[in-house]
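2 protein chains.
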Amino acid sequence: MGTILELMQGYAKKVEKELNRLFPSDLEPLPLTKASRHLIDAGGKRFRPCLALAACEAVGGRAEDALETAAALEFLHSFTLIHDDIMDRDEFRRNVKTVHTIWGEPIAIIAGDALFAKVFEAIAANLKRIKMEKRRAIEIFDTISKASFEICQGQALDMLFEGRWDVGEDEYLKMVSGKTGALTEASTKVGALLGGGGAGQVRALADYGRLLGIAFQIKDDILGIAGKKEKFGKPIGSDIREGKRTLIALHALKNTSKEKRKFLLKVLGNKNASEEELHMAIEIMKKAGSVNYASRKAREFIALAKSKIAPLPASKGKDVLLKIADFTVEREF
Amino acid sequence: MGTILELMQGYAKKVEKELNRLFPSDLEPLPLTKASRHLIDAGGKRFRPCLALAACEAVGGRAEDALETAAALEFLHSFTLIHDDIMDRDEFRRNVKTVHTIWGEPIAIIAGDALFAKVFEAIAANLKRIKMEKRRAIEIFDTISKASFEICQGQALDMLFEGRWDVGEDEYLKMVSGKTGALTEASTKVGALLGGGGAGQVRALADYGRLLGIAFQIKDDILGIAGKKEKFGKPIGSDIREGKRTLIALHALKNTSKEKRKFLLKVLGNKNASEEELHMAIEIMKKAGSVNYASRKAREFIALAKSKIAPLPASKGKDVLLKIADFTVEREF
Chain A
1 MGTILELMQG YAKKVEKELN RLFPSDLEPL PLTKASRHLI DAGGKRFRPC
51 LALAACEAVG GRAEDALETA AALEFLHSFT LIHDDIMDRD EFRRNVKTVH
101 TIWGEPIAII AGDALFAKVF EAIAANLKRI KMEKRRAIEI FDTISKASFE
151 ICQGQALDML FEGRWDVGED EYLKMVSGKT GALTEASTKV GALLGGGGAG
201 QVRALADYGR LLGIAFQIKD DILGIAGKKE KFGKPIGSDI REGKRTLIAL
251 HALKNTSKEK RKFLLKVLGN KNASEEELHM AIEIMKKAGS VNYASRKARE
301 FIALAKSKIA PLPASKGKDV LLKIADFTVE REF
Chain B
1 MGTILELMQG YAKKVEKELN RLFPSDLEPL PLTKASRHLI DAGGKRFRPC
51 LALAACEAVG GRAEDALETA AALEFLHSFT LIHDDIMDRD EFRRNVKTVH
101 TIWGEPIAII AGDALFAKVF EAIAANLKRI KMEKRRAIEI FDTISKASFE
151 ICQGQALDML FEGRWDVGED EYLKMVSGKT GALTEASTKV GALLGGGGAG
201 QVRALADYGR LLGIAFQIKD DILGIAGKKE KFGKPIGSDI REGKRTLIAL
251 HALKNTSKEK RKFLLKVLGN KNASEEELHM AIEIMKKAGS VNYASRKARE
301 FIALAKSKIA PLPASKGKDV LLKIADFTVE REF
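Residue numbers (this note's numbering), protein chains in the order written: chain A, 1 to 333; chain B, 1 to 333.
Hints listed in this document are in silico derivations from the structure and should not be mistaken for laboratory results. Any given hint could turn out to be false.
Heads up, the list lumps identical chains together, so a pair's fine if it works in one copy or across two of them.
To be verified - With a cut-off of at most 30 angstroms between alpha-carbon atoms, the simulated DSSO-like pairs for lysine-lysine come out as follows: (1) K287 - K258; (2) K45 - K231; (3) K34 - K174; (4) K262 - K34; (5) K131 - K266; (6) K244 - K229; (7) K128 - K174.
Quantities reported herein were computed from a predicted structural model and do not represent experimental measurements.
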């Protein structure tokens with residue numbers, strides 16, 4: 001069956017064609033199309049489309065019946081990245097310049113909006129060509145709309161946390177659940193709906209997706225602090241410089257001495273922090289047991305995610321989802 | 001039957017409740033909700049919802065069956081306004097400060113995105129509760145998604161025109177058709193679809209909506225140059241200062257002397273143009289016949305719009321749409 005990355009590539013390949021068919025690169029006006037497609041063209045694992053296609057198969061459906069919706073999930077993800085990059089003033093993503101850095105903010109805002117519009121057009125194209133009762137078709141639109149709204153809520157929470165370091169773990173999880181978990185849940189849920197899954201199966205796959213997304217984000221936090229730069233692709237400690245609310249930082253602030261807490265607060269969000277200060281901050285976090293704590297949390301979410309889909313009958317789709325779950329916490333990139 | 005404004009108020013009232021039910025003002029996080037609802041709460045004629053409800057009735061449907069979708073059109077319109085204001089750096093709209101001026105750009109971007117997400121949630125809520133075949137339901141989603149995409153294309157064209165004064169009338173019309181006509185077309189089209197209209201009726205109402213939107217924008221251009229400030233609400237000539245590509249400006253540049261053209265190019269887009277320069281520019285435009293030309297164009301589009309729905313059987317909905325068409329070119333605000 002190949003490694004999980006090979007399996008994911010297999011799914012991703014099927015989606016690539018849809019991405020190009022649904023948002024052709026010669027659509028006028030060209031600058032808008034180029035800006036909208038920029039991050040999609042820069043690559044990526046097509047993680048959310050893979051989740052949808054595997055979930056579709058896990059309930060006995062055919063991946064071919066979910067292709068446009070899988071592509072829609074990539075459009076949706078890409079739209080959030082473009083707008084996030086504007087808000088965070090990030091200059092690079094996926095080793096290329098961000099959209100607003102190249103085309104300016106106004107075009108970047110519209111480029112994201114255009115992708116968001118394509119999401120629903122792609123789903124409509126999918127639902128037009130396959131047999132399905134009206135109620136289920138509407139549930140697919142409803143799932144994606146509500147997930148999109150929740151992503152906005154999560155992103156807003158993240159922004160509103162700025163200037164606050166007393167963010168509780170529950171608040172952190174709510175934010176992450178919105179920013180990341182809502183879309184991974186929607187991915188597996190619409191996959192299951194398109195595959196003809198029963199209500200229980202759809203719920204199980206939705207739950208799996210939500211938990212997976214949360215674990216994915218926590219693991220990202222871990223890699224950003226305790227990973228290896230050459231594998232992770234981003235400078236280690238940049239989350240600290242940017243003052244990102246990560247589970248590790250929040251845990252460390254609560255579980256270290258008053259003095260070290262003071263030091264952490266000085267470094268967190270300090271764009272000019274020296275390499276040595278970053279290194280010291282990371283050491284404090286490690287000694288406070290915060291990296292271990294986050295790892296344990298991520299593994300708990302993954303174990304729970306896997307348990308949700310355990311009752312599903314054996315299939316390639318289910319197998320892929322179980323492997324994706326393991327990969328999510330084991331990856332080094 | 002009352003004046004057209006009273007008739008529109010009657011429709012608008014029905015939508016108000018839906019706007020509040022679908023996007024309650026106590027939704028967390030509150031700053032996001034407040035920012036998203038800001039322009040909606042500031043008022044407005046609910047022009048697009050009115051178009052949808054009247055179109056629904058014009059094909060024999062009940063306005064009650066289209067309420068959530070009508071609200072969705074207001075969410076969609078409001079989303080485009082929030083993002084447009086960011087792009088144009090406008091400080092005021094509907095006599096209140098713009099969203100980004102109050103909450104900052106990042107929250108304003110998400111506030112727009114959240115409204116956009118609500119559009120499809122609202123439509124899903126509508127379609128869930130009424131009887132309709134799957135194909136028609138999907139066509140409603142498809143119509144709104146494609147219109148949203150076209151709005152982005154129109155907005156992008158508008159931005160890409162910057163720095164160019166050789167924009168042809170066809171290009172201008174394409175831009176306006178996208179920025180304004182796409183959504184008015186979608187409004188009447190989904191209204192007709194929800195009202196159970198036949199294919200020919202749906203097409204006729206869609207065409208009416210498109211033509212109406214284009215005329216609406218041309219009339220806006222006219223009021224911005226030849227209107228009365230106290231009625232129009234915006235300072236006369238601000239379009240000139242902002243360098244907006246209007247049908248009037250484009251026509252004048254082609255139909256005046258070389259010398260006056262040079263003067264116009266000096267004033268157009270000059271934020272520091274004096275009142276006297278503005279006044280002179282407006283006089284040149286009037287003398288070039290450009291205001292008359294635009295008025296004639298707007299009236300042509302309106303006559304064509306009305307002719308499209310002429311074959312529909314008499315009804316209150318049809319009557320309202322005909323009156324809206326007249327109002328569009330006759331209004332002074």
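Going through the hints against the structure:
1. K287 - K258: within (14 angstroms within a copy, 76 angstroms between copies)
2. K45 - K231: within (15 angstroms within a copy, 55 angstroms between copies)
3. K34 - K174: between (34 angstroms within a copy, 20 angstroms between copies)
4. K262 - K34: Cα proximity of K262 and K34: none, with 46 angstroms in one copy and 35 angstroms across.
5. K131 - K266: For K131 and K266, the Cα distance exceeds 30 angstroms both inside one copy (59 angstroms) and across copies (60 angstroms).
6. K244 - K229: within (18 angstroms within a copy, 48 angstroms between copies)
7. K128 - K174: The answer is between: 28 angstroms across copies meets 30 angstroms, while 35 angstroms in one copy does not.
In terms of the numbered hints stated before, the structure departs from hints 4, 5, listed from lowest to highest.
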